[in-house]
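Undergrad: Chains as they are written, first to last, in our numbering: chain A, 1 to 182; chain B, 183 to 770.
By construction, these hints were calculated from the structure, which means they are not laboratory data.
Keep in mind it's a predicted model, so treat the numbers as computed, not measured.
Wrong hints could be hidden among the right ones.
[Unchecked claim] Below, simulated EDC-like cross-link-like pairs (lysine to aspartate or glutamate); rule was C-alpha separation at most 16 Å, straight line:
hint: 1; chain 1: A; residue 1: Lys84; chain 2: B; residue 2: Asp489
hint: 2; chain 1: B; residue 1: Lys482; chain 2: B; residue 2: Glu379
hint: 3; chain 1: B; residue 1: Lys316; chain 2: A; residue 2: Glu29
hint: 4; chain 1: B; residue 1: Lys354; chain 2: B; residue 2: Glu379
hint: 5; chain 1: A; residue 1: Lys14; chain 2: B; residue 2: Glu476
hint: 6; chain 1: B; residue 1: Lys542; chain 2: B; residue 2: Asp455
hint: 7; chain 1: B; residue 1: Lys542; chain 2: B; residue 2: Glu556
hint: 8; chain 1: B; residue 1: Lys498; chain 2: A; residue 2: Glu29
hint: 9; chain 1: B; residue 1: Lys516; chain 2: B; residue 2: Asp434
hint: 10; chain 1: B; residue 1: Lys316; chain 2: B; residue 2: Asp300
hint: 11; chain 1: A; residue 1: Lys95; chain 2: A; residue 2: Glu48
hint: 12; chain 1: B; residue 1: Lys354; chain 2: B; residue 2: Asp320
hint: 13; chain 1: B; residue 1: Lys572; chain 2: B; residue 2: Asp434
hint: 14; chain 1: B; residue 1: Lys495; chain 2: A; residue 2: Glu76
hint: 15; chain 1: A; residue 1: Lys14; chain 2: B; residue 2: Asp475
hint: 16; chain 1: B; residue 1: Lys195; chain 2: B; residue 2: Glu411
hint: 17; chain 1: B; residue 1: Lys627; chain 2: B; residue 2: Asp720
hint: 18; chain 1: B; residue 1: Lys701; chain 2: B; residue 2: Asp722
[To be verified] Listed next, the stretches of chain B that the computed footprint assigns to chain A, with coverage defined by at least 3 CB atoms under 8 Å from CB atoms of chain A:
hint: 19; segment: 295-306
hint: 20; segment: 309-315
hint: 21; segment: 429-436
Glycine included, each C-beta is placed from N, C-alpha and C at the ideal position.
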Amino acid sequence: MPKSKSAYSVPTKKQKSDTYIFVVWVDNEAGVLARVVGLFSGRGYNIESLAVAEVDAIKNISRITIVTTGTPQVIEQIRLQLTKLVPVHKVAEFKREDKNVIFKEMALFKVVGKKSKIEKCLNTCKKFNPVILDETKSSAVIQITALRREIDIMNKKLKPLGLVSTSRTGAVAMTRGAQIFN
Amino acid sequence: MPKLYTGAEIVFKCLEDQKVEHIFGYPGGAVLPIYDELKNHPSIKHILVRHEQGAGHAAEGYARSSGKPGVVLVTSGPGATNVVTALTDAYMDSVPLVCISGQVPTHLIGTDAFQECDTTGITRPCTKHNWLIKDINDLSNVMHEAFRVATTGRPGPVLVDIPKDIQFAKAKYKNLKIEKKLNGKLQNKFSKNDIDELIKLINKARKPVIYSGGGVINSGPKASEALRELASLTGFPITSTLQGLGAFPGDDNQFLGMLGMHGTYEANNAMHDCDLLINIGARFDDRITGKIDEFSPKSKKVHIDIDPSSINKIIKVDLAIVGDVSSVLNRINKTIVKSKNGNGKSNKSNIAKWWEQIEKWRKKDSLNFINSDETIKPQHAVQRLYELTKNKDTYVTTEVGQHQMWAAQHYKFNKPNRWMTSGGLGTMGYGLPAAVGVQIAHPEKLVVDIAGEASVLMTMQEMSTAIQYNLPIKIFILNNQYMGMVRQWQELLHEKNYSESYSEALPDFMKMAEAYGCKGIKAVNPLDLDEKIQEMIDYDGPVIFDCHVDPNENCFPMIPSGKPHNQMILGPNDQEENKIKGKGKALV
C-alpha cells in the first residue's frame with residue numbers, strides 16, 4: 001500500500017449498490033424541495049429521477065418521489081437524514097425490484113414525418129398505451145406511460161422513425177392492494 | 183381589538199418568553215428596527231461583538247457552558263455570511279443557537295439589492311432548519327418554533343431571516359404554546375427489551391469499555407451524574423471523545439483519558455481489544471475510529487444516541503438505543519441496581535484481568551514528554567496551568583491545533599460544561615470569542631482560552647468586546663511561531679517541507695495587549711512560568727498571556743492516517759527507547 005499523506009483514512013471495501021425509490025411526504029412550503037435535493041447533493045447521494053407535486057391541497061402536503069442508487073448503509077442514511085428534516089412528515093423506500101409496488105414514468109415524443117412513419121411509431125409503442133395528444137399533416141405528439149428502461153428503449157427505437165424531441169417525467173410510485181404506507 | 187405589535191416588538195416578546203437574557207450581535211441597515219426596539223427590553227442584554235463570526239462563537243461558548251441556547255442577531259448580506267462559519271461549527275458540534283438575521287425588504291428580495299444575499303439558501307446546509315418570514319402573522323410562531331427546533335432532539339443552530347418591512351409591520355402576538363408533539367422528531371423511543379439486552383451484554387462482558395461523547399454533555403448535568411453512576415455500578419473502564427471531556431472526572435482511576443487520533447495508549451488499545459463497546463452519545467467520528475475495517479474488531483457494539491441518523495452511519499452496531507442519554511442511562515442504572523438486589527452478583531470480578539491489561543498499557547505513560555529547563559514545553563505549560571487553576575472551577579476554551587490537543591490531554595476536567603472547543607469543524611479562532619460568551623454566562627468564574635498564536639489572530643478583534651464589558655478572560659497563548667499542527671503533519675508526512683506554516687511577522691502580543699487596554703504577560707523561562715500564571719489568575723481583568731514555547735514540539739501519541747487503534751506512534755521517550763533497542767540488536 002502506498003504511504004498515505006492524508007490526515008484522513010483511505011476508502012476501503014465497497015458494498016454493492018442497488019436502485020431504490022424514495023417517497024417523501026412534505027409540507028408544501030417555499031424551499032422544501034431545495035432542502036430535500038440539497039441533502040442529496042450535500043451528502044454525495046445521487047438522484048436518478050425526481051417527481052414532485054402537491055397531493056393534498058387542504059393539508060398542504062406534497063409528495064416527492066426520488067429514484068436513487070446506493071449501498072444498504074447509504075440507503076438507510078438517506079431515509080434517516082430525510083426523516084430529520086423539519087418539513088418532512090414521512091419517508092418510504094422501496095427496492096426497484098419490489099413486486100408490491102408500481103412504478104411508472106410518462107414520456108412525450110414529438111415525431112416529424114409522413115403519416116406512415118407516425119403510424120409505425122404508434123405501432124412500436126403499442127404496448128405502452130400510446131395516446132396522440134396533437135397531430136398535423138407532418139407531425140404528432142405521442143404520450144406513453146411505462147417503466148424507465150422501457151422508455152429508454154422506445155426512445156432509441158423511435159429515433160429512426162422521425163423522433164425529434166422527448167420530454168419525460170421522473171418515476172412515480174404506488175403500492176399495490178388496499179394497503180397504504182404509514 | 184387585541185393589541186397589535188410590530189415585528190421588532192414581537193421578536194423581543196418571543197425572546198422574553200423564551201427567557202433569553204443575552205444576545206450577541208452587530209447592527210446594520212436591515213436590522214435597525216430590531217435594534218431600535220432593544221431599549222424597551224431591559225431584561226435582555228445585548229453584547230456588541232466586533233465581527234459576526236465572533237457573535238456566533240460567543241453564543242456557542244455561552245450555550246455550551248450554560249446549557250441554554252445562544253442567541254445571535256446580525257444584519258443582512260455580509261452580517262449573515264460572516265456568521266456562517268459559526269453556524270456550521272455549531273451544527274457539527276450540536277450546539278443550540280438561534281440566529282436572527284435582517285433581510286432586505288420583501289419587495290426587494292431577488293433584485294440584488296444593497297446588502298442582499300440568499301441567507302436561507304446559504305445557511306440551509308449548516309442549520310437544523312431555517313425560515314424566511316414573508317408574513318408578519320407567522321413571526322411569533324416561527325420564533326417559538328425556532329427555539330424548539332434548536333433545543334430539542336440533537337441540538338443545533340437555526341436561523342430566522344426577517345425582512346426589514348416585516349420588522350415594521352404589525353400583527354397580534356401569539357404566546358408560546360406548551361409543547362405540542364410535532365412530526366415525531368422528538369426521539370425517545372427505546373424499549374425495555376433494548377435495556378435488558380444491554381444488561382445481558384454488560385453481564386457477559388470480560389473486556390468492556392465505555393466510550394462517551396458530547397451527547398452526555400448536551401443531555402445536561404444529570405446525564406453526567408448518571409454516567410458516573412453507571413461507571414461505578416459496573417466498574418468498567420471509560421474513555422471519552424474530545425467533546426465529552428468533563429462528563430466523567432478526568433482524574434478518576436476508571437478514566438482512561440481521551441481516545442482517538444491523539445488519545446492515550448490505554449484508551450485506544452482498550453477500544454481495539456475490547457469485547458463490549460458501549461458508545462454513549464458519540465458519533466464514531468473519523469478522528470476517533472481510525473481505519474474503519476480494523477476498528478474494534480472483536481467487540482459487540484452498543485450505541486446510545488438521540489439522533490437515529492448517527493446509528494450505523496459509520497460503524498455497524500449490534501444494539502442501538504435511540505433516546506436521550508440521561509433517560510437511557512437512568513433506566514440502565516435502575517435495572518442494574520434492581521438485578522443486583524435480586525441475586526447480588528457483580529461482574530466486577532469478571533473484568534479484573536482486563537484491568538490488569540489496562541494497567542500495563544497505562545504504564546507506557548503515553549502522554550509523557552521530555553521536559554526542559556531551558557525552554558517552556560507546551561505540555562508543561564498546560565500542566566502548570568491545570569495545577570494552578572484546578573481548585574477554581576475553571577472554564578476552558580481552545581482554538582484549534584496542537585495546543586487544543588495538549589489542552590485535552592493534560593487539562594483534567596471534573597465537571598461537564600467546563601470545556602468548550604471546536605471539534606467537528608475545527609475552527610481556528612473559536613476560543614477567544616467563545617471565552618467571551620462563557621464569561622458572560624458565568625461572570626464570577628475563571629475563564630481561560632488555551633490558544634495558539636496563529637488561531638487567536640483570526641478573531642483577535644473580540645478583545646475589544648472583552649474590554650467593553652469588563653470580561654476578565656485570560657488568553658493563554660502557547661506561542662510556537664508555527665501553525666503547529668500543520669507543521670507537525672508536514673514534518674511527518676511531507677518530508678519536512680514547511681510550506682507556509684511559519685508565522686512570519688507575528689505581532690508583539692505585549693503591545694497588542696496594551697493597545698486593547700488589557701494586561702499583557704510574557705513568559706519565556708520555565709522557571710518563571712508558575713509565578714506568571716499566578717499573576718494572570720490573580721489579575722482582575724482580561725489578560726493576553728504570551729507563553730513562548732518550544733517551536734519544534736510535536737503532539738503525541740498519534741494514530742497515523744489509515745491505521746487502526748493499536749498502531750500508535752508514541753512520544754519521543756518511547757521512540758528513543760526503540761531506537762536504542764534497534765541499534766542494540768544490530769550490535770549483537
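Undergrad: If a hint holds in the structure, say so; if it doesn't, say that too.
TA: Structure-based check of all given hints:
no., hint, result
1, A/Lys84 - B/Asp489, "holds, 9 Å"
2, B/Lys482 - B/Glu379, "holds, 12 Å"
3, B/Lys316 - A/Glu29, "holds, 12 Å"
4, B/Lys354 - B/Glu379, "violated, 52 Å"
5, A/Lys14 - B/Glu476, "holds, 15 Å"
6, B/Lys542 - B/Asp455, "holds, 13 Å"
7, B/Lys542 - B/Glu556, "violated, 33 Å"
8, B/Lys498 - A/Glu29, "violated, 36 Å"
9, B/Lys516 - B/Asp434, "violated, 23 Å"
10, B/Lys316 - B/Asp300, "holds, 14 Å"
11, A/Lys95 - A/Glu48, "holds, 14 Å"
12, B/Lys354 - B/Asp320, "holds, 10 Å"
13, B/Lys572 - B/Asp434, "holds, 14 Å"
14, B/Lys495 - A/Glu76, "holds, 8 Å"
15, A/Lys14 - B/Asp475, "holds, 11 Å"
16, B/Lys195 - B/Glu411, "violated, 41 Å"
17, B/Lys627 - B/Asp720, "holds, 12 Å"
18, B/Lys701 - B/Asp722, "holds, 10 Å"
19, 295-306, "holds (count 3)"
20, 309-315, "holds (count 3)"
21, 429-436, "violated (count 0)"
Checked against the numbered hints listed earlier, the structure breaks hints 4, 7, 8, 9, 16, 21; every other hint is satisfied.
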